[in-house]
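J.: Kindly produce the complete structure, drawing on both the sequences and the hints.
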Amino acid sequence: MDALAVVLEAPERLVLSRVPISSPGDGDVVVDIAWSGISTGTEKLLWTGRMPHFPGMGYPLIPGYESVGRVRSAGPAAGHSPGDLVFVPGARCFGDIRGLFGGAASCVVAPGSRVFEVDATLGERAVLLALAATAYHAIAAGGVLEAAPQPELIIGHGVLGRLLARLAVAAGGNPVVWEHNPERAAGAQGYRVVRPEDDARRDYRVIADVSGDAALLDTLIGRLAPGGEIVLAGFYSERLAFAFAPAFMREARLRAAAEWKRDDMLAVMALVESGRLSLDGLITHRAAAADAERAYRTAFGDAACLKMILDWRACA
Numbered sequence: 002m003d004a005l006a007v008v009l010e011a012p013e014r015l016v017l018s019r020v021p022i023s024s025p026g027d028g029d030v031v032v033d034i035a036w037s038g039i040s041t042g043t044e045k046l047l048w049t050g051r052m053p054h055f056p057g058m059g060y061p062l063i064p065g066y067e068s069v070g071r072v073r074s075a076g077p078a079a080g081h082s083p084g085d086l087v088f089v090p091g092a093r094c095f096g097d098i099r100g101l102f103g104g105a106a107s108c109v110v111a112p113g114s115r116v117f118e119v120d121a122t123l124g125e126r127a128v129l130l131a132l133a134a135t136a137y138h139a140i141a142a143g144g145v146l147e148a149a150p151q152p153e154l155i156i157g158h159g160v161l162g163r164l165l166a167r168l169a170v171a172a173g174g175n176p177v178v179w180e181h182n183p184e185r186a187a188g189a190q191g192y193r194v195v196r197p198e199d200d201a202r203r204d205y206r207v208i209a210d211v212s213g214d215a216a217l218l219d220t221l222i223g224r225l226a227p228g229g230e231i232v233l234a235g236f237y238s239e240r241l242a243f244a245f246a247p248a249f250m251r252e253a254r255l256r257a258a259a260e261w262k263r264d265d266m267l268a269v270m271a272l273v274e275s276g277r278l279s280l281d282g283l284i285t286h287r288a289a290a291a292d293a294e295r296a297y298r299t300a301f302g303d304a305a306c307l308k309m310i311l312d313w314r315a316c317a
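Here the numbering used here is used: the first residue of the sequence shown is 2, the next is one more, and so on.
Please keep in mind that the hints were generated in silico from the structure rather than gathered at the bench.
Only a predicted model underlies this, so the values are computations on that prediction, with no experimental measurement involved.
Every residue gets a Cβ at the ideal spot worked out from N, C-alpha and C, and that includes glycine.
Keep in mind that a hint or two might mislead.
To be verified - EDC-like cross-link-like pairs, simulated, lysine to aspartate or glutamate; straight-line CA separation at most 20 angstroms:
| id | residue 1 | residue 2 |
| --- | --- | --- |
| 1 | K45 | E294 |
| 2 | K45 | D303 |
| 3 | K262 | E274 |
What the hints assert, rightly or not - Ranges of calculated distance between the beta carbons of each label pair, as one might list FRET restraints:
| id | residue 1 | residue 2 | range |
| --- | --- | --- | --- |
| 4 | G276 | G223 | 36 to 46 angstroms |
| 5 | A305 | S18 | 21 to 31 angstroms |
| 6 | R73 | E198 | 45 to 55 angstroms |
| 7 | G276 | E118 | 12 to 22 angstroms |
| 8 | F245 | D292 | 41 to 51 angstroms |
| 9 | R202 | D97 | 49 to 59 angstroms |
| 10 | G50 | H181 | 24 to 34 angstroms |
T.: So this is what it looks like as structure tokens:
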């Protein structure tokens, strides 16, 4: 089998190419991808060549960990059926081409245990489930959203920041979001968006940073209450450093949020299905997969673009 895929040959050099994909096993599903999202965090670092080294890192590679499609076929031990609409958090089925993360393709082969059946009414919005699960993992203590102190300040009003804020509101919180760019200030749902210079508060108990800006740490420590915590929920290409004395005086705590787990995804899906978490209003741009290069440049260069998705449905 083969598939049409986005291939990053080198930083800022992207092609749409037909590539071979591995044969499925008894536990695998073959999924025809309908939509895939473009991440302005980790995928932008891959695009610019600033991604820190990870296992599987290197070029050429196929990006994408936010894909949704229909199961074409399923092995007897896959746990899914043909026709199921599923979320696919990437795939490693492209032979010598690195699948980091491997979801930006017209068709993928993946273990059935790694994909999630989703409500068909979600449609393209299901690409947002990975970011929603990432946000959930960052702030849910022991996997239970209401068991954790919710972030009172969130840095950045992109998609991940908005999902963090929506989750905090769903858990009874009242967060403030910092955003410099006026093009991204609109769209709050039950929380306030302010410019940092307009916020005088210096007693935040929990600050969640999704900016990816390593230079902000001293500023954020200065806004903490004694014993407060900063959750590093973004992805940072630069080395993190901070002045010790202000952190010492506040007895500040720093926590790096890791990748989402299966239970986070299931919890987020339940919140979406119950209506407590909305995924509306977050996809702002769409492009045909054939126009992938322009779509990637727009996603990374246009501040008005919250989430760009590629539509693969016309690809054979």
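J.: Look at each hint and say if it fits the structure.
T.: Against the structure, the hints:
1. K45 <-> E294: Holds, because 13 angstroms separates the two Cα atoms, which is no more than 20 angstroms.
2. K45 <-> D303: 12 angstroms, holds
3. K262 <-> E274: Within the cut-off at roughly 19 angstroms; holds.
4. G276 <-> G223: 36 to 46 angstroms: Since the Cβ atoms of G276 and G223 sit about 38 angstroms apart, the hinted range of 36 to 46 angstroms holds.
5. A305 <-> S18: 21 to 31 angstroms: Once the Cβ atoms are compared, 29 angstroms apart, the range 21 to 31 angstroms for S18 and A305 holds.
6. R73 <-> E198: 45 to 55 angstroms: 53 angstroms, holds
7. G276 <-> E118: 12 to 22 angstroms: 19 angstroms, holds
8. F245 <-> D292: 41 to 51 angstroms: Given about 49 angstroms between the Cβ atoms, the range holds.
9. R202 <-> D97: 49 to 59 angstroms: With a Cβ separation near 53 angstroms, R202 and D97 satisfy 49 to 59 angstroms, so the hint holds.
10. G50 <-> H181: 24 to 34 angstroms: 25 angstroms, holds
In this structure, none of the earlier numbered hints is contradicted; all agree with it.
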